[in-house]
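2 protein chains.
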Amino acid sequence: MNKIITIEWRGDHVVMIDQRKLPHEEIYVKLYSYEEVAQAIETMVIRGAPAIGVAAAMGVALGIQKSSSKDAPSLKQDFLNIYERLYRTRPTAVNLRWGLERMKNCFENSLELSIPELKQALEKEAIQIYEEDVEINKKMGANGKHLIQNNSKVMTYCNTGTLATAGYGTALGVIRAAYEESKKFLVYVCETRPFLQGLRLTSWELYKEGIPQKVISDNMAGSLMAKGEVSAIFVGADRIAKNGDAANKIGTYSLSVLAKYHTIPFYVVAPTSTIDLKCPTGREIPIEERSPKEVTHVGGKLVGLENVDVYNPSFDVTPHELITAIITEKGVFDSLSRRLSSLL
Amino acid sequence: MNKIITIEWRGDHVVMIDQRKLPHEEIYVKLYSYEEVAQAIETMVIRGAPAIGVAAAMGVALGIQKSSSKDAPSLKQDFLNIYERLYRTRPTAVNLRWGLERMKNCFENSLELSIPELKQALEKEAIQIYEEDVEINKKMGANGKHLIQNNSKVMTYCNTGTLATAGYGTALGVIRAAYEESKKFLVYVCETRPFLQGLRLTSWELYKEGIPQKVISDNMAGSLMAKGEVSAIFVGADRIAKNGDAANKIGTYSLSVLAKYHTIPFYVVAPTSTIDLKCPTGREIPIEERSPKEVTHVGGKLVGLENVDVYNPSFDVTPHELITAIITEKGVFDSLSRRLSSLL
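So the sequence lines, in the order shown, correspond to chains H and U. Going letter by letter, the first sequence gives residues 1 to 344 in our numbering. Going letter by letter, the second sequence gives residues 1 to 344 in our numbering.
Keep in mind that the hints were calculated from the coordinates and are not lab data. Possibly wrong hints are sitting among the right ones.
Among the chain U residues that face chain H by a calculated CB cut under 10 Å, a handful are [to be verified]:
{"id": "1", "residue": "100"}
{"id": "2", "residue": "184"}
{"id": "3", "residue": "185"}
{"id": "4", "residue": "188"}
{"id": "5", "residue": "209"}
{"id": "6", "residue": "210"}
{"id": "7", "residue": "214"}
{"id": "8", "residue": "256"}
{"id": "9", "residue": "276"}
{"id": "10", "residue": "277"}
{"id": "11", "residue": "296"}
{"id": "12", "residue": "316"}
{"id": "13", "residue": "319"}
Just so you know, even glycine gets a beta-carbon here, dropped at the ideal spot from N, CA and C.
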């Protein structure tokens, strides 16, 4: 398998694979400024909650590195501008804010240092966030892999793999971990309209690993469940509220209702950095609405009417009562509202 | 509004709008042989259960008209070849077989006639089936329109309009009839992957009528229901079993489960020619599986991996217990298993 580089720090720039071009073109882009990183997040060159957390942190490190400010107050102003710009890129995934918050703490704790040392401290922190993410994903894989039975069929949604993280993946990390144990199973990959992260990204990752898969349109999921073809469902999350409600890619909620109706376990796999204790319930999670063109155009090509009204929320909220358990790097939590707050 | 011609008899040929090219190109194709009609059904130049019933009937009339057989026995052999060819085109919609059966009865009842008279009788029968379909659709519209409230929001799936019938539509006919009564409502149009009949066809029909709409990806339906945004759901059917189970476009089953969970009425609108009393339950309805390319390619463009495994059933079955009522030209039936068999 060729190693996939979702994002990597390269001293004076950041490298990312352009996920909009996958699976047909493996194009790596080099970003030399925080503004380029912010645009890459907005336009979904990079996506996936943990991955954009890492990208935002690296964006901060890059912005500060390139700053020509000569004293702490003006560097602090630069920091705030960079922080604000990156903060505004996407509203739903809390990992992005979590990454920015860690960089802010690092910045504030480094104000005693010389400017070159402070720049180095931020660079180190961003790399640390990156490295920790890979480790956290592997732990989630280890914590969840027993939930995939040998000779079973599982379903996954959107992309939660290497491309959604610094590496390995969250829900796809659990699938990867079970496969590494030589378990045999089939993965049903929901294509995940409108951006087709399942069809384009998850399918590509599974293909590279040799994990057996079948791609389906999202609307086929219920019919497969009714036929007894789905043993368990694994999805990621972009933000988990204090009560265990989880925001994830639009369509996750429908899957969770279908899973409930067919008595199929429904697992959310996410690092604890996805948990937002300031959000009491899913109702307080901001849901991003994206361009109608994502629905009317596919692969850049207009398929529907040009100016038709479209509703295109990028996420929905699955209430905790429809989630069998949340798998984190700190363990598997199945009694969500009571246990989550004790985690952090 | 420009009149849409789904299919029309033109003396020595049949005209159809090529539905694969919509909404961007309104191209009418002329078909001069039954083989061309069969291929048009297979490749979805024309689709929709009632429409392909009409197409098959016209295909038979065309085939017999073009036959050079000089006596009844060889004409009968031609008839059987034509019948068999058209019968094999698509397996799920029973209306196709119903249309062929009517043509068969007409043929058998016309064996006393001269060959030119027999050809004329078949032509007349095909035109009759076409004209009846428009009338039947208008009756269904009248029977169902009270189920759409003023200032409400309804949801529809796939395309069940003029393009799916000889004219007017089944589920979309009910929506059209309510709109003709000056009711105000919004239609949520599910795009209906993989062939995108909602995004491409229903959206175009509603646009031509000026009926307010919002297009969504299929996976957004559940989230809208959870928000209280959907008052009722109207779908078509390709075959209804004796017990009231209904086969319809893949994804209908998922919608029906979501509707049940959110206590939203779920209506199937279909002519009685869709009811197949020889099928005791939905389990006996044959489900067509179509090319993986419908999922991996959109608008002719490869979006996913070229040779990835895909599951692409064209239909699924909604069990009668998830259907609030079936709206037919003979009335609205809400106690399905008991009432349907009394209909025919």
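Verification of the hints:
With a cut of 10 Å, the hint placing residue 100(U) at the interface with chain H is violated, because the nearest CB-to-CB distance is about 28 Å. Taking 10 Å as the C-beta cut-off, the interface hint given for residue 184(U) is violated, the closest approach to chain H being about 15 Å. The beta carbon of residue 185(U) is not positioned within 10 Å of any beta carbon in chain H (closest approach about 14 Å), and the interface hint is therefore violated. Interface restraint check for residue 188(U): the shortest CB-CB distance to chain H comes to about 8 Å, inside 10 Å, so the restraint holds.
At a threshold of 10 Å, the smallest CB-CB gap from residue 209(U) to chain H is about 13 Å, leaving the interface hint violated. The interface hint given for residue 210(U) is broken, as the beta carbon of that residue sits about 13 Å from the closest beta carbon of chain H, more than 10 Å. With 10 Å as the threshold, the beta carbon of residue 214(U) comes within range of chain H, its nearest partner Cβ sitting at about 5 Å, so the hint holds. Taken as an interface hint, residue 256(U) checks out: its beta carbon lies about 8 Å from the nearest beta carbon of chain H, inside 10 Å.
A distance limit of 10 Å between C-beta atoms decides the matter here; for residue 276(U) the minimum to chain H is near 20 Å, and the interface restraint is violated. The criterion of a C-beta within 10 Å of any C-beta in chain H is not met by residue 277(U), whose closest approach is roughly 24 Å, and the hint is violated. The interface hint given for residue 296(U) holds, since its Cβ lies 7 Å from the closest Cβ of chain H, which is under the 10 Å cut-off. For the restraint placing residue 316(U) at the interface with chain H, the shortest Cβ-Cβ distance is roughly 4 Å, inside the 10 Å limit, so the hint holds.
Hint status for residue 319(U): holds, given a least beta-carbon distance of 9 Å to chain H, under 10 Å.
The structure fails to meet hints 1, 2, 3, 5, 6, 9, 10 from the earlier list, while all remaining hints are met.
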